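Visitor: Quick note, the sequences are listed as chains A and B, same order. Residue numbering for the first sequence follows my numbering, beginning at 1 and increasing consecutively. Residue numbering for the second sequence follows my numbering, beginning at 1001 and increasing consecutively.
You may find that some hints are simply not true.
[Stated by the list, open to error] Cross-link-like lysine to any residue pairs, in silico, SDA-like; alpha carbons within 25 Å at most: (1) A/Lys189 x B/Pro1020; (2) A/Lys189 x B/Arg1028; (3) A/Lys191 x B/Gly1076; (4) A/Lys194 x B/Cys1009; (5) A/Lys189 x B/Gly1043; (6) A/Lys74 x B/Arg1088; (7) A/Lys74 x B/Arg1028; (8) B/Lys1081 x A/Phe264; (9) A/Lys74 x B/Asn1039; (10) A/Lys189 x B/Glu1057; (11) A/Lys191 x B/Pro1070; (12) A/Lys191 x B/Pro1071; (13) A/Lys161 x A/Lys191; (14) A/Lys194 x B/Asn1011; (15) A/Lys191 x B/Glu1066; (16) A/Lys318 x B/Glu1057.
[What the hints assert, rightly or not] A few chain B residues that don't get close to chain A, going by computed Cβ distances all over 10 Å: (17) Met1001; (18) Glu1004; (19) Ala1014; (20) Lys1022; (21) Ala1027; (22) Asn1039; (23) Glu1066; (24) Ala1067; (25) Pro1070; (26) Pro1079; (27) Phe1082.
Hints are computed from structural coordinates only; laboratory data are not their basis. Quantities reported herein were computed from a predicted structural model and do not represent experimental measurements. A virtual CB, placed ideally from N, CA and C, is assigned to each residue, including glycine.
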Amino acid sequence: MELPVLNNVAPEAGGCSAGSCGSTDDQMGHLPEHIREKVFNHPCYSEEAHHYFARMHVAVAPACNIQCHYCNRKYDCANESRPGVVSELHHPVQAVKKVLAVAATIPQMTVLGIAGPGDPLANPERTFETFRMLSEQAPDIKLCVSTNGLSLPDHVDEMAKYNIDHVTITINCVDPDVGALIYPWIFWKNKRIKGREAAAILIEQQQKGLEMLVARGILVKVNSVMIPGVNDKHLAEVSRIVKAKGAFLHNVMPLISEAEHGTFYGMTGQRGPTNEELQTLQDECSGDMNMMRHCRQCRADAVGLLGEDRGDEFTMDKIEKMDINYPEAMKMRAEVHAAINEELESKRVAKNAKVQLVSIDGLKLNKPETRPVLMAIATKGGGVINEHFGHASEFLIYEASPSGVRFIGHRKTVAYCEGGDTCGDGETALDKSIKALTGCEVVLCSKIGFEPWGPLESAGIQPNGEHAMEPIEDAILAMYEEMRVAGKLVHKSSEQQKVA
Amino acid sequence: MAFEIIESCVNCWACEPLCPNKAIYEARPHFMIDPDKCNECAGDFEESQCVSICPIEGAILNELGEALNPPGSLTGILPAKFAELVARQQAA
Ligand code: SF4
Ligand code: SF4
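Make a model of the complete structure from these sequences and hints.
Guide: Now the structure itself:
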């Protein structure tokens, strides 16, 4: 039986008593059990875990061996969560100290990534020294690494020695002609190589690295930056190929190219995709690929749980003064993790029970003539509608249709109102929120002020605060039913639908 | 015969491990080349290693003070175009 709440539900055959249910949405259903177990409770993959567990990055790898047109080495790279060279660079010994200090203070921190400021594998000594020390001293921390892939084949065997949870390769193309528009040069075998030739080498190395990792049983995630007019038409093929080679997730991210970042794309006015373009491509790719829609391109240097940054507590001089007994901390961490897992598990059981009910109710909705509707949710997490419209800095987008409720992605905005009376810049922020909600017909939040109501309605978005504290899927289904009863869901091509 | 790193260097470390003569060292505000050690990679590599990996146009100069990666050579945005783009952005 297909359950109408499509995400957060693993196929029944998957044995959803333990790890799989409520993990990471529709795309996780098709993954083999051992992979699902790995990504489950991973703050980067599981929407739910994102609220309970945390990850951090350390900047130990400054050098890079390629240039991307969306990157300016000086600044943090928004596209790849890569810190810039202006960020505080750590020596591996310092980095390990920092990780242990954070892990002992924030027991929810379970994943450590190395993502820059350059390419971790262009700095293999620093990267692997960090991994080696952490594997020894903090075996309860999962390690991950992101790379452009150029020198990946040289390091796969070394990587296999550590507690590496997964490797992320940024693959923007498989065609050197497309690549030549993205990568102006690479440094290869002691020479700078430009143009198509450079792209061809990079692509070959990426694909080879991907195959080698898969052959050694290391999980591989592929990130792609969607660049309209450059690789947007090409990414469905990339998706198909990397999946065929065994990548477990493909994450398509929008190009971020603000002029002030001084990147080539920023300078030349190359735009990023609209929310709709991104979503269309993600849908297209998900047809034959496990897509990842949680990624918020979070700040690489942020420390803490979702939405918080406790980086200030862990500056190097503060860390030097801390006295960390990690073996002791590890015991405490294990207790905290067990408690969180228990809570997640009980939520999952409750949700499962509810899903069965919703599914029965949901089946009544199964009228072929209703069309799909996008709804935006303001939430602080926990799977319920619990955020004030004006305080939301992002919305979760869901699609309701006769076949159920499906998680589509995140859209960021600027919190329209940062509290009671500090709404000075309110109008532009509201405009931004409305733009972020393009295509949505409903926004569900715990509360909404009077002011934004009118502009939202005129933009064709119905604000609704009546489902405060309700589970997201329930509220969406209720809303969808309400719209159906009000006759708002008649499909324009309902005749065709009926035939089908 | 020696090259020089100037203030536009972003301290990215890319050049430092590549130098066959250990001529490059970390310094503030920017990395430096020890002129007594640098031989422009002669005899070691076909291309000077620091110049071949440096991501910043104009950050490394030859003895004549000429940029070894001149404007436009890495980004593909030639100087005239660059000025035009900057002007357009400032107008916007
Ligand atoms: S030119 Fe060669 S020898 Fe001179 S600093 Fe650069 S890498 Fe070193
Ligand atoms: S590669 Fe260029 S920017 Fe980087 S440290 Fe060397 S001189 Fe400076």
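Visitor: Could you run down the list of hints and mark each one as holding or not?
Guide: Status of each hint after checking the structure:
| no. | hint | verdict |
| --- | --- | --- |
| 1 | A/Lys189 x B/Pro1020 | holds, 14 Å |
| 2 | A/Lys189 x B/Arg1028 | violated, 29 Å |
| 3 | A/Lys191 x B/Gly1076 | holds, 18 Å |
| 4 | A/Lys194 x B/Cys1009 | holds, 21 Å |
| 5 | A/Lys189 x B/Gly1043 | holds, 16 Å |
| 6 | A/Lys74 x B/Arg1088 | holds, 22 Å |
| 7 | A/Lys74 x B/Arg1028 | holds, 15 Å |
| 8 | B/Lys1081 x A/Phe264 | holds, 12 Å |
| 9 | A/Lys74 x B/Asn1039 | violated, 28 Å |
| 10 | A/Lys189 x B/Glu1057 | holds, 21 Å |
| 11 | A/Lys191 x B/Pro1070 | holds, 17 Å |
| 12 | A/Lys191 x B/Pro1071 | holds, 19 Å |
| 13 | A/Lys161 x A/Lys191 | violated, 30 Å |
| 14 | A/Lys194 x B/Asn1011 | holds, 23 Å |
| 15 | A/Lys191 x B/Glu1066 | holds, 20 Å |
| 16 | A/Lys318 x B/Glu1057 | violated, 37 Å |
| 17 | Met1001 | holds, 19 Å |
| 18 | Glu1004 | holds, 19 Å |
| 19 | Ala1014 | violated, 4 Å |
| 20 | Lys1022 | holds, 15 Å |
| 21 | Ala1027 | holds, 14 Å |
| 22 | Asn1039 | holds, 16 Å |
| 23 | Glu1066 | holds, 17 Å |
| 24 | Ala1067 | holds, 14 Å |
| 25 | Pro1070 | holds, 13 Å |
| 26 | Pro1079 | holds, 13 Å |
| 27 | Phe1082 | violated, 7 Å |
In the structure shown, a violation is registered for the earlier hints numbered 2, 9, 13, 16, 19 and 27, in ascending order.
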